[in-house]
Amino acid sequence: MSAPRSELSDPELVSALAAGDLDAMDLLYRRYSTLAYSLALRILGDPGRAEDAVQDAFVRVWTRAASFDASRGSLRTWVLTVVRNRAVDYHRGAPARQRDELELRVEVPATGAGSDPWREVSESLERSAVREALSSLPSEQRQMIELAYYGGYTQSEIAQLADVPLGTVKSRTRLALEKLCSYLQGRGLIDDD
Amino acid sequence: MTTEHNELESGIAAYVLGSADAEEYERLRTHIEACARCRALAARLSRGLAALPLEPEPVEPPASLHGRVLAAAAAAKAGAEQHRSRPRLQMREPPPPRVWLPGARFAIGAAAALLFGFGAVAGVGLARLGPLRQEPKTAERYQLAGSGQLAGVQASAVRLREAGITVVEFRGLPEPPPGRVYELWLVRADGGAEPGAVFTPEAGGTRALVLTADLSGVTTLAVTVEAGPNGAQAPTQEPLIKGQIA
Chain W
170 MSAPRSELSD PELVSALAAG DLDAMDLLYR RYSTLAYSLA LRILGDPGRA
220 EDAVQDAFVR VWTRAASFDA SRGSLRTWVL TVVRNRAVDY HRGAPARQRD
270 ELELRVEVPA TGAGSDPWRE VSESLERSAV REALSSLPSE QRQMIELAYY
320 GGYTQSEIAQ LADVPLGTVK SRTRLALEKL CSYLQGRGLI DDD
Chain A
599 MTTEHNELES GIAAYVLGSA DAEEYERLRT HIEACARCRA LAARLSRGLA
649 ALPLEPEPVE PPASLHGRVL AAAAAAKAGA EQHRSRPRLQ MREPPPPRVW
699 LPGARFAIGA AAALLFGFGA VAGVGLARLG PLRQEPKTAE RYQLAGSGQL
749 AGVQASAVRL REAGITVVEF RGLPEPPPGR VYELWLVRAD GGAEPGAVFT
799 PEAGGTRALV LTADLSGVTT LAVTVEAGPN GAQAPTQEPL IKGQIA
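Protein chains in written order, with the numbering used here: chain W, 170 to 362; chain A, 599 to 844.
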């Protein structure tokens, strides 16, 4: 790698990871560990289990880096998807084929690595926008996101937990995700269709 | 659009979230591959989904997790390399003798010569980290002690002999003086010292180093402050942090 390690773009970092560069693994951890741990802790509520999930997830990213197409997807999204899936596996007590198969299908365009200070600013803006978007949702729609994303429950399980028909769960879930997208699009944080 | 299509389209959000019921998941996956409209919808919803992980309040992970992750990655790599090739010992010409400063209390002998060089050695045996919450039974923990200006630094080493990996962690490490760096030394019983790593602390004064070199014969780890950015070939001062690892 010719650039200083801290200035590696995410695609360059993926290449280095795929090549088995442990320094790249160190950079990956320093770049995304706070987001990863925060997400795992949010899902699991237990610091020890969150640590285990993060460790498991980072090693999974390390061993599967060669399979990830950095030109088609965001490294950050991929890493956090793996973390979320590992945390949900711990929470539910079992892995799910569906989660495994969707992990490498991340196709959210990369937004560019940027330097560390700008990365933090960008993340902070995104965090504010996501929180505002979620808080603007009707409680029954927010509940769908909470149970599906953070809880890892299936639609049928959510229908039972919320005591509503399956069709209602599907429509509320779609409305919630559509509104989230529209809000973030309106704030210029995701691309137009 | 048909009723069947509308029904499938209503499940796209669940598919993107990974919460579709198992029997519906396969239908949705097949449909999305074939339907451009639903594929576009899935892509759009995925962009919103990608922002959800940013919602939680940021919480810094424990400093110890950094070393655990690096050690796990190194162990995974060592295991993969062992499977690809038979272990072999890589020898290189013995380097010129490197000695500690004469008069330094630390050194054993003023003109010790290294008995042999060493290089990276493919794993001679795999030690997986075992159950996620436990270090492997073969993990050896050692404490390193700071002195002088680094008396408050906490440092430790975890040695996974079978995997050929040693993780050295530092906490409370101050920034070195301008133009200087910290250098880790691998010291043998005869006092010979080999450069191990050059490093600076991260934000918060922590740093984790993963050593994959053969540490056979190395009895002590030591840290000095040397000229940056590349450090020195031989230590120029007494160690500020040191500890035995054998």
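Treat the hints as calculated values from the structure; they're not laboratory data. Here a beta-carbon is modelled for each residue, glycine too, at the ideal position from N, C-alpha and C. It cannot be assumed that every hint is accurate.
To be verified - Under 8 Å between C-beta atoms, here's a sample of chain W residues computed to sit facing chain A:
hint: 1; residue: A188
hint: 2; residue: L191
hint: 3; residue: M194
hint: 4; residue: D195
hint: 5; residue: L196
hint: 6; residue: R200
hint: 7; residue: E220
hint: 8; residue: T232
hint: 9; residue: L249
hint: 10; residue: R253
hint: 11; residue: V299
hint: 12; residue: L303
hint: 13; residue: L306
hint: 14; residue: Y318
hint: 15; residue: S325
Quick check on the hint: W/L196 CB to chain A CB, less than 8 Å? It is violated, given that the least Cβ distance between W/L196 and chain A is near 11 Å, above 8 Å.
Interface hint compliance - W/R200 to chain A, C-beta minimum distance less than 8 Å: For W/R200, the interface hint is violated, since the closest Cβ of chain A sits about 12 Å away, which is over 8 Å.
Evaluation of the interface hint that places W/S325 against chain A, nearest CB under 8 Å: Because about 5 Å separates W/S325 from the closest Cβ in chain A, which is inside the 8 Å limit, the hint holds.
Go through the hint on W/T232 and say holds or violated, using the shortest Cβ distance to chain A against 8 Å. 6 Å, holds
Restraint outcome when W/D195 is required to lie within 8 Å of chain A by C-beta distance: The hint holds - W/D195 has a Cβ within 8 Å of chain A, the shortest such distance being about 6 Å.
Minimum Cβ distance from W/L303 to chain A below 8 Å? 6 Å, holds
With 8 Å as the cut and Cβ atoms as the points, is W/L306 at the interface with chain A? Status violated, d = 12 Å.
Does the closest beta carbon of chain A sit nearer than 8 Å to the beta carbon of W/L249? At about 4 Å, which falls below the 8 Å cut-off, the nearest Cβ of chain A leaves the hint on W/L249 intact, so it holds.
So, as I understand it, the hint says W/M194 touches chain A; can you test that by seeing if any CB pair is closer than 8 Å? Holds, because the Cβ-Cβ distance from W/M194 to chain A comes to roughly 5 Å (cut-off 8 Å).
Interface restraint verdict for W/V299 against chain A (beta-carbon cut-off 8 Å): 5 Å, holds
Using the nearest Cβ pair, does W/Y318 come within less than 8 Å of chain A? 6 Å, holds
Holds or violated: is the Cβ of W/E220 closer than 8 Å to a Cβ in chain A? 5 Å, holds
When held up to the earlier numbered hints, the structure conflicts with 1, 5, 6 and 13 and fits the remainder.
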